[in-house]
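Chemist: Chain by chain, the residues run as shown.
Number of protein chains: 2
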Amino acid sequence: MINNKDEILKAYNFRHACKEFNGNEIPKEDFEFILETGRLSPSSFGFEPWQFIVVQNKELREKIKEYSWGGEKQIPTSSHFVIILGRKKKHMLYDSKYINDFMREVQELPDEVRDMKRGFYKAFQEKDFNLLEGERAIFDWACKQTYIALGNMMTSAAEIGIDSCPIEGFNMEKLDELLEREGIMSRDDFGVSVMVAFGYRKKDPRGKTRQNLNDIVTYIE
Amino acid sequence: MINNKDEILKAYNFRHACKEFNGNEIPKEDFEFILETGRLSPSSFGFEPWQFIVVQNKELREKIKEYSWGGEKQIPTSSHFVIILGRKKKHMLYDSKYINDFMREVQELPDEVRDMKRGFYKAFQEKDFNLLEGERAIFDWACKQTYIALGNMMTSAAEIGIDSCPIEGFNMEKLDELLEREGIMSRDDFGVSVMVAFGYRKKDPRGKTRQNLNDIVTYIE
Chain A
1 MINNKDEILK AYNFRHACKE FNGNEIPKED FEFILETGRL SPSSFGFEPW QFIVVQNKEL
61 REKIKEYSWG GEKQIPTSSH FVIILGRKKK HMLYDSKYIN DFMREVQELP DEVRDMKRGF
121 YKAFQEKDFN LLEGERAIFD WACKQTYIAL GNMMTSAAEI GIDSCPIEGF NMEKLDELLE
181 REGIMSRDDF GVSVMVAFGY RKKDPRGKTR QNLNDIVTYI E
Chain B
1 MINNKDEILK AYNFRHACKE FNGNEIPKED FEFILETGRL SPSSFGFEPW QFIVVQNKEL
61 REKIKEYSWG GEKQIPTSSH FVIILGRKKK HMLYDSKYIN DFMREVQELP DEVRDMKRGF
121 YKAFQEKDFN LLEGERAIFD WACKQTYIAL GNMMTSAAEI GIDSCPIEGF NMEKLDELLE
181 REGIMSRDDF GVSVMVAFGY RKKDPRGKTR QNLNDIVTYI E
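So the protein lines, in turn, are chains A and B.
Reminder that position 118 of the first sequence reads as 118 in this note's numbering, one-by-one numbering, no gaps.
Reminder that position 219 of the second sequence reads as 219 in this note's numbering, one-by-one numbering, no gaps.
The following block holds chain A by itself, in its conformation from the complex (with noise of 0.2 angstroms):
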């Protein structure tokens, strides 16, 4: 265990929305450390509804560039660079062929066990969180989960000294349809929920700003 408090802050103030990188690369074993971070990540149901796209093809970072107005310095110069896919309702769905798979060789339920959590499953889906009204919410549902791994994977790259940035500023449509054209993935079963570039930082930040604790924290004593 880390067990040190300030060691860890240290890595939430270096880590930032680093626009450009330096151009070097990210070493092997500490890109997937990084990725095992996410891999390692929770998820609701534990149903891991995501996949990691590591764009290293140049041609393509110009291709996803042209859709990502968030992304113009940060695709190019960054070490690596991560799509992640959220799944769309044909999988998350209770009964979904993806939910059984999932529950059966990767949770290892036992046959009772899984009809069981399915059933929670499907209240939580039609009553609890109302995500079946229609395609949209059960896939930002799913995305959700995603942004879990997105915050372990830049958190973690931070306690290791490297630098990241986050990116929404992309046109959903036109970036799912071009990578359904690349034949990378296909529109049916998955959605571009965020995009994560890794490397190393080009120039040093300006300072963070945030809310007070005090303004976003109440304690009900």
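For the record, the hints were derived by calculation from the structure and aren't laboratory data.
There could be a bad hint or two in this list.
Heads up, the list lumps identical chains together, so a pair's fine if it works in one copy or across two of them.
Claimed, not checked - Below 20 angstroms or equal to it, Euclidean Cα-Cα: the simulated SDA-like pairs (lysine to any residue) are:
1) 58 / 183
2) 89 / 137
3) 127 / 29
4) 19 / 46
5) 63 / 118
6) 127 / 111
7) 208 / 1
8) 127 / 206
9) 65 / 3
10) 19 / 203
11) 19 / 107
12) 65 / 93
13) 28 / 203
14) 28 / 73
15) 202 / 112
16) 89 / 4
17) 174 / 213
18) 89 / 136
19) 117 / 211
20) 127 / 213
21) 97 / 210
22) 127 / 67
23) 58 / 114
24) 58 / 217
25) 19 / 67
26) 202 / 220
27) 10 / 135
28) 89 / 129
29) 28 / 93
Quantities reported herein were computed from a predicted structural model and do not represent experimental measurements.
Add chain B to chain A, keeping to what the hints say.
Modeler: Frame of chain A; chain B shown alone:
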């Protein structure tokens, strides 16, 4: 900087969805450290669309439990129980008072930078992410940001040996109503995004299951 990948990964393996806590109390400075990692988490455009309600009151915890099938054991036994709220459309809209005040007072942006940022933000909401079609898409988008803070808080807790459990197993509408009835929030302003319990495990978890890295990562070289 921590710079010790093995120690960091230990924390990822230590963390699990802890279903029951042993009743020991988290020291104040440790819990404040956890909140601080939430506070320092990134969010889209830096707008921090979150509030953290720390529910220590036993009666209120019982009332919350009534609508939270996923928190049956965690809610009463946790040392600290946190409800994470997301901001509603009223606040997140590009020309809202919240956004304008936030850019001026928290981010301390000069007039012309605020105007430029508002323009990007408007285009992002209207076109890129198509967030303005109703109340839900923009609220879900605010909630996605809270999952970054959620993930960071659970990981930072694990890094100092503290257990946690994220909880989505609740009825969103009923819980929103309860918190409004109790005077904790107005449903015009906020909605419950997700909850998270912190404490120390009562017993050891069963092993972690995850898809293999190969099944979730694709390199495009």
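Chemist: Evaluate residue 89 and residue 137 at a C-alpha cut-off of 20 angstroms and name the case that applies: within, between, both or neither.
Modeler: both (9 angstroms within a copy, 15 angstroms between copies)
Chemist: When no copy is named, should residue 65 and residue 3 be tagged within, between, both, or neither for a Cα gap of at most 20 angstroms?
Modeler: Neither: 40 angstroms inside a copy, 32 angstroms across copies.
Chemist: Checking an output row: residue 97 and residue 210, CA cutoff 20 angstroms. Within, between, both or neither?
Modeler: between (43 angstroms within a copy, 17 angstroms between copies)
Chemist: Could you figure out if residue 58 and residue 114 sit no more than 20 angstroms apart (CA to CA) within one copy, between two copies, both or neither?
Modeler: neither (44 angstroms within a copy, 33 angstroms between copies)
Chemist: Could you place residue 202 and residue 112 in one of the four classes (within, between, both, neither) given a Cα distance threshold of 20 angstroms?
Modeler: neither (55 angstroms within a copy, 26 angstroms between copies)
Chemist: Checking residue 127 and residue 67: alpha-carbon separation at most 20 angstroms within a copy, between copies, both or neither?
Modeler: between (36 angstroms within a copy, 12 angstroms between copies)
Chemist: Which holds for residue 28 with residue 73 at a C-alpha limit of 20 angstroms: within a copy, between copies, both or neither?
Modeler: neither (22 angstroms within a copy, 42 angstroms between copies)
Chemist: Could you place residue 19 and residue 46 in one of the four classes (within, between, both, neither) given a Cα distance threshold of 20 angstroms?
Modeler: between (33 angstroms within a copy, 14 angstroms between copies)
Chemist: Quick one: residue 208 to residue 1, C-alpha cut-off 20 angstroms, is that within a copy, between copies, both, or neither?
Modeler: Between copies, since 18 angstroms is at most 20 angstroms while 28 angstroms is not.
Chemist: Could you figure out if residue 127 and residue 29 sit no more than 20 angstroms apart (CA to CA) within one copy, between two copies, both or neither?
Modeler: Classified as neither: same-chain Cα gap 44 angstroms, cross-chain 38 angstroms, threshold 20 angstroms.
Chemist: Tell me, please, which holds for residue 117 and residue 211 at an alpha-carbon limit of 20 angstroms: within, between, both or neither?
Modeler: Between copies only: 19 angstroms across chains, 39 angstroms inside a chain, cut-off 20 angstroms.
Chemist: 20 angstroms Cα cut-off: does residue 89 pair with residue 4 within a copy, between copies, both or neither?
Modeler: Answer is neither: 41 angstroms inside a copy and 39 angstroms across each miss the 20 angstroms cutoff.
Checked against the numbered hints listed earlier, the structure breaks hints 3, 5, 6, 8, 9, 12, 13, 14, 15, 16, 17, 20, 23, 26, 27 and 29; every other hint is satisfied.
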